[in-house]
Amino acid sequence: MDSRLKGCLVAAGLLALAPPDLTATEDNPAPGITHQLAQAIADPQLRNLVVEALDRNPEIAALSARARAAAMRAPQVKGLPDPVFGATAWVDGPETRTGPQVLTLNLMQPLPWLGKLDTEEQAALIEARALEADLEARRLELVTEVRRLFHELGFLVRRRAIVEDFLDHLRQHENISQSRYATGTGSSQDVVKIQAEITMAEQLLIDIDQSRVPLEAELNRLRDLPPSSAVLPPQLPPGSPVSLDYQDLTREAHLRRPEVAAAEARIEGAQVRSKRVEKQYRPDFGVGVTYTFVDPRQDSPGQIMPPEGNGDDIFGIQGAVTIPLWRKKLKGGTAEAVELELAARESKRGVLAGIDSSLGDLLQRIPLTWRELRLLEDVLILQAEESVRSAQSGYVAGNLNALDLLDAEHVFFDAETAIARARADYAIYLAELEGVSGTPAQLTSDMESKGP
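Taking my numbering, the leading residue of the sequence shown gets 1, the next gets one more, and so forth.
One or more hints might be untrue.
Computed beta-carbon distance windows for the label pairs [what the hints assert, rightly or not]:
{"hint": "1", "residue 1": "Thr334", "residue 2": "Gln442", "range": "42 to 50 Å"}
{"hint": "2", "residue 1": "Gln280", "residue 2": "Pro58", "range": "38 to 46 Å"}
{"hint": "3", "residue 1": "Gly354", "residue 2": "Ala217", "range": "25 to 33 Å"}
{"hint": "4", "residue 1": "Gln383", "residue 2": "Gln203", "range": "21 to 29 Å"}
Heads up, simulated DMTMM-like pairs for lysine to aspartate or glutamate below, C-alpha to C-alpha not over 20 Å straight-line [to be verified]:
{"hint": "5", "residue 1": "Lys329", "residue 2": "Glu278"}
{"hint": "6", "residue 1": "Lys116", "residue 2": "Glu278"}
{"hint": "7", "residue 1": "Lys348", "residue 2": "Glu141"}
{"hint": "8", "residue 1": "Lys328", "residue 2": "Asp284"}
{"hint": "9", "residue 1": "Lys78", "residue 2": "Glu268"}
{"hint": "10", "residue 1": "Lys331", "residue 2": "Glu278"}
{"hint": "11", "residue 1": "Lys279", "residue 2": "Asp378"}
Keep in mind the hints are simulated off the structure, nothing from the lab.
We put the beta carbon where it would ideally sit given N, CA and C, even for glycine.
Let the sequences and hints guide you as you build the complete structure.
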């Protein structure tokens, strides 16, 4: 009996073994739109910051691991259920014609209905694709946010330089006002007014430095660095006109945005889920073998006249079928699949509406900001410079007082600040446009836009 038991156990082990699923998967997909946008950034400092954030950001790393984990689910659900091995040791075994039963071994392999495992694998692959699109969408948001913070910091750097230049002018005016007061051609009130302006300008420098702290801390957080890590002072880009066509940009955005791909994948996944639920109405099967060990008869009749096949073991084949009896459960699964598909379709509709709205907003802001920048740089700043020169000459000659001089300086200061703000806004809007459309902005010689 021992040799028979060993042989049966070896056979059962061989039946339980199944070849591994060696289906190839795409472990290294082609670079997405985030990579293309990052490589298209002209400023090397900004490009390095974007790449560093994409490589180090903890949220991106977590989403990436989740997407990889989802991709590993497909080979798990594709395989057959594990076979079930059972054994029955008969304490007081039933006596048969050929002897008492001692031990029964059985091995059962469940077999799902045709196509059930395929739909499970397909659903897992689609969900992995949706999570990969979610990852790409978050990477795209990260690129846009890093660019926004960079340009906001660039504005503060430029504004600080403007304030420092303004301070230099005020200190020169203070020296002139003190000289005029000492010679009796000026009043002490002029000196006090200019000194008050100097104090307010110094306070403005402190405010600018305080404004930089949260921006640099947020930029370092996105790069997974300590909040106090140094950030090289960024420079504002001069700005260039871009080609704006609402129809082209909308078409590109609908094709390239990963949020759209994720929504479409979830619609497809919901449809596959519906098919999977339909297959739950079909029964599953099971096939197996059973082997019973029988000892020879030990009673007197059996020893005197042993029956034919005395002590022979019993071998049998098993079959099983599941009965999908609980219809309420199955109907609930069907209703769930319908609602999930509806939710996925509404989600896609919301994504497309958000893209169209964002593009419509940006395609109005960008031309207006460009025209504002041209007005400031080509007209107002020249007028402000001429006004300052005239006021300085008049103040030195004694024809104007300190208020007239400070008014002219404020116009020039406000014009330079407005130019810096317009440059920063224009750069931010272009970054947002590239993030919404999923494609680098196309430079052009003029600012012609076709609105929605």
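Problem - Pair hint Lys331 and Glu278, alpha-carbon separation not exceeding 20 Å - result: The hint holds at about 9 Å.
Practice task
For the range 38 to 46 Å, tell me whether the beta carbons of Gln280 and Pro58 fit it or not.
Solution key: 40 Å, holds
Problem - Holds or violated: Lys279 to Asp378, with C-alpha atoms at most 20 Å apart - result: At roughly 71 Å apart (the allowed maximum being 20 Å), Asp378 and Lys279 break the hint.
Practice task
Look at the Cβ atoms of Gly354 and Ala217 and judge whether their distance stays inside 25 to 33 Å.
Solution key: 29 Å, holds
Problem - Range agreement (Cβ of Gln442 with Cβ of Thr334, hint 42 to 50 Å) - result: At 48 Å between Cβs, range holds.
Exercise for the section: Mind checking the alpha carbons of Lys348 and Glu141 for me, to see if they're no more than 20 Å apart? Expected result: Given that 20 Å is the threshold and the Cα spacing comes to 18 Å, the pair holds.
Handout entry: Restraint status (C-alpha distance of Lys329 to Glu278 at most 20 Å)
Key = 12 Å, holds
Handout entry: Pair hint Lys328 and Asp284, alpha-carbon separation not exceeding 20 Å
Key = 18 Å, holds
Handout entry: Proposed proximity, Glu268 with Lys78 (alpha carbon, max 20 Å)
Key = 18 Å, holds
Exercise for the section: Given the range 21 to 29 Å, decide if the beta-carbon distance of Gln383 to Gln203 lies inside it. Expected result: Cβ of Gln383 to Cβ of Gln203: about 28 Å, so the range 21 to 29 Å holds.
Problem - Distance restraint between Lys116 and Glu278, which requires alpha-carbon spacing of 20 Å or less - result: 10 Å, holds
Checked against the numbered hints above, the structure breaks only hint 11 and satisfies the rest.
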